[in-house]
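Kindly generate the complete structure, drawing on both the sequences and the hints.
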Amino acid sequence: MTQLLLDLEHSNLNLEHSDLVIEHSDLNLEHSDLDLEHSDLDLEHSNLNLEHSDLDIEHSNIILEHSDIDIELSDLDLLSTKRKSLTT
14 MTQLLLDLEH
24 SNLNLEHSDL
34 VIEHSDLNLE
44 HSDLDLEHSD
54 LDLEHSNLNL
64 EHSDLDIEHS
74 NIILEHSDID
84 IELSDLDLLS
94 TKRKSLTT
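Counting in the working numbering, the sequence shown runs from 14 upward without gaps.
Please note that a few of the clues may not be correct.
Here are the in silico distance ranges between beta carbons for each label pair [to be verified]:
(1) His30 x His65: 29 to 37 angstroms
(2) Leu56 x Thr94: 40 to 48 angstroms
(3) Thr100 x Leu61: 31 to 39 angstroms
(4) Glu57 x His37: 24 to 32 angstroms
(5) Leu92 x Asn60: 26 to 34 angstroms
(6) Ile70 x Asp90: 50 to 58 angstroms
(7) Leu33 x Ile70: 32 to 40 angstroms
(8) Asp69 x Leu92: 28 to 36 angstroms
(9) His44 x Thr15: 41 to 49 angstroms
These are calculated hints, taken from the structure and not from any lab test. Note that the structure is a prediction, hence the values are computed from the model and not measured. For each residue, glycine too, the CB sits at the ideal point set by N, CA and C.
What follows is the structure, encoded as structure tokens:
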């Protein structure tokens with residue numbers, strides 16, 4: 014009878030151990046999922062930084078174009094002023 018009780022306890026401990034192993038595996042999977050999610054967020058952050066840099070470059074190019082147009086307008090104003098002074 015005692016052997017039967019010992020076998021039963023041993024079997025219960027084995028089941029408990031198996032449950033803990035499964036729980037550990039589940040936690041490892043959850044950890045892996047979180048690592049993957051973190052990597053995805055890092056990638057998204059990098060992509061947003063790249064997009065921001067692209068927009069900064071585009072903005073700088075627009076400012077340069079605007080400056081070029083201002084210079085052209087100034088040149089035209091100078092030419093117009095010279096013409097007026099020559100015709101008067």
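Status of the hints after comparison with the structure:
The given range of 29 to 37 angstroms is broken by His30 and His65, whose C-beta atoms sit roughly 52 angstroms from each other. Take Leu56 and Thr94: their Cβ atoms lie about 57 angstroms apart, and the range 40 to 48 angstroms is violated. Here the CB-CB span from Thr100 to Leu61 is close to 58 angstroms, at odds with the stated 31 to 39 angstroms. For Glu57 paired with His37, a C-beta distance near 30 angstroms keeps the hint of 24 to 32 angstroms intact.
Between Leu92 and Asn60, the C-beta spacing of about 48 angstroms breaks the proposed range 26 to 34 angstroms. In this structure, Ile70 and Asp90 break the distance hint of 50 to 58 angstroms, their C-beta atoms being roughly 30 angstroms apart. A hinted range of 32 to 40 angstroms for the beta carbons of Leu33 and Ile70 is inconsistent with their spacing of about 55 angstroms. Under the hint 28 to 36 angstroms, the C-beta atoms of Asp69 and Leu92, about 35 angstroms apart, fit the expected range.
The beta-carbon spacing between His44 and Thr15, approximately 43 angstroms, falls within the hinted interval of 41 to 49 angstroms.
Against the hints set out earlier in the document, violations occur for numbers 1, 2, 3, 5, 6, 7.
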